[in-house]
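Number of protein chains: 2
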Amino acid sequence: MKYCSECGKAVEHKIPEGDDRLRHICTRCNIIHYHNPRVIVGCLISQGEQVLLCRRAIEPRKNYWTIPAGFLENGETMLHGALRESQEEACAEVDNESLYRLFDIPYINQVYVFYRGELRGNHYGIGPESLEVKLFDEKDIPWSELAFPVVTDLLTEYFQDRKSGNFPVRVEQPGPLWAEHTGWSNKPR
Amino acid sequence: MKYCSECGKAVEHKIPEGDDRLRHICTRCNIIHYHNPRVIVGCLISQGEQVLLCRRAIEPRKNYWTIPAGFLENGETMLHGALRESQEEACAEVDNESLYRLFDIPYINQVYVFYRGELRGNHYGIGPESLEVKLFDEKDIPWSELAFPVVTDLLTEYFQDRKSGNFPVRVEQPGPLWAEHTGWSNKPR
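Residue numbers (our numbering), protein chains in the order written: chain A, 1 to 189; chain B, 190 to 378.
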């Protein structure tokens, strides 16, 4: 941020009185502009033993596989956002949805909130942000071609949870499983 | 938003190509400025049968009671944010913390993520944003003087859950319990 979004004058980067961290403050109207983490919502959609994945048509991580997910929009609940993304990216409707997994990624200022649910009917398709949408058995998951660490962790834990039939809601930071599958390393800054 | 925060030129409000909702777009540099819901994190702190509440020293809802909570900051996990707020508002350290309750408030573009935990030692105090910080038994909770619907719902469900000793993680929209306690009505727009 270089300019005040309210009056167009330059902002400066300083700690407001009574605060303890740097904020962007307008040099004319004195408005403090706060910047906060964004929420990404998504849905792990299953049909029987299979899960629905999308191959991304857009950057970042074009050509890699993910679950339907995207930024939570103003005016919608997290579930509505997850269902909207399922519809947009995989043309899929979801039944029996429930909250499943939260991830913190503090070094990119993101919070992930994933639901799980069942594919309604056998209907799905290729949304404009996908190149391919496909149901996978566990043994066929393209582990080395998953788009993001959170997807790797989510799927790994989902298949573990499925053995017990118990799907506890948890919050975590992604990483170790992703690194194991891809050799990739990116520790929190 | 009236001006581009990157170049200072006026923005216009229109639907970008390939999108389906109005965004602020710069008339000079064409940057699309997205606005997304904010995350509020907090912690329901117990000691034995009692819970720790803070009477707010600041608006909104000055003088009303709440749990330690505030906006998630860039660079921190949700738990870190909840613990930071506990320290800032109630000078309290927390043990055995766990994820507890999520709330959607889509009509004000907010997501709440609450943890629960136990007060470390018997140490707490009055942070700069609090007028008073106090441990309450269930029968003494000031139900008609709680600051926000999410606090009413959270506390009500917490005391219900405590009877069974089972504290499932759930996501909800607040409202009905708050209306019951206060007579207040504000349906999602």
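Since the hints were made in silico from the structure, they are not lab data.
All C-beta atoms in this analysis are idealised placements derived from N, C-alpha and C, irrespective of residue type, glycine included.
Any given hint could turn out to be false.
Stated by the list, open to error - With a Cα cut of at most 20 angstroms, we get these calculated DMTMM-like pairs of lysine to aspartate or glutamate:
(1) K198/B with E49/A
(2) K251/B with D19/A
(3) K62/A with D208/B
(4) K2/A with E286/B
(5) K191/B with E6/A
(6) K9/A with E262/B
(7) K62/A with E6/A
(8) K352/B with E262/B
(9) K62/A with D161/A
(10) K139/A with E49/A
(11) K2/A with D209/B
(12) K163/A with E129/A
(13) K139/A with D161/A
(14) K163/A with E132/A
(15) K14/A with E262/B
Claimed, not checked - Label-pair restraints from in silico Cβ distances:
(16) K14/A with C218/B: 23 to 33 angstroms
(17) C29/A with N298/B: 35 to 45 angstroms
(18) A57/A with K198/B: 46 to 56 angstroms
(19) D137/A with Q239/B: 45 to 55 angstroms
(20) F71/A with P249/B: 50 to 60 angstroms
(21) N285/B with H33/A: 15 to 25 angstroms
(22) T27/A with D329/B: 40 to 50 angstroms
Against the structure, the hints:
no.: 1; hint: K198/B with E49/A; verdict: 53 angstroms, violated
no.: 2; hint: K251/B with D19/A; verdict: 18 angstroms, holds
no.: 3; hint: K62/A with D208/B; verdict: 18 angstroms, holds
no.: 4; hint: K2/A with E286/B; verdict: 39 angstroms, violated
no.: 5; hint: K191/B with E6/A; verdict: 5 angstroms, holds
no.: 6; hint: K9/A with E262/B; verdict: 25 angstroms, violated
no.: 7; hint: K62/A with E6/A; verdict: 35 angstroms, violated
no.: 8; hint: K352/B with E262/B; verdict: 34 angstroms, violated
no.: 9; hint: K62/A with D161/A; verdict: 29 angstroms, violated
no.: 10; hint: K139/A with E49/A; verdict: 11 angstroms, holds
no.: 11; hint: K2/A with D209/B; verdict: 28 angstroms, violated
no.: 12; hint: K163/A with E129/A; verdict: 32 angstroms, violated
no.: 13; hint: K139/A with D161/A; verdict: 16 angstroms, holds
no.: 14; hint: K163/A with E132/A; verdict: 28 angstroms, violated
no.: 15; hint: K14/A with E262/B; verdict: 16 angstroms, holds
no.: 16; hint: K14/A with C218/B: 23 to 33 angstroms; verdict: 25 angstroms, holds
no.: 17; hint: C29/A with N298/B: 35 to 45 angstroms; verdict: 22 angstroms, violated
no.: 18; hint: A57/A with K198/B: 46 to 56 angstroms; verdict: 31 angstroms, violated
no.: 19; hint: D137/A with Q239/B: 45 to 55 angstroms; verdict: 51 angstroms, holds
no.: 20; hint: F71/A with P249/B: 50 to 60 angstroms; verdict: 26 angstroms, violated
no.: 21; hint: N285/B with H33/A: 15 to 25 angstroms; verdict: 37 angstroms, violated
no.: 22; hint: T27/A with D329/B: 40 to 50 angstroms; verdict: 49 angstroms, holds
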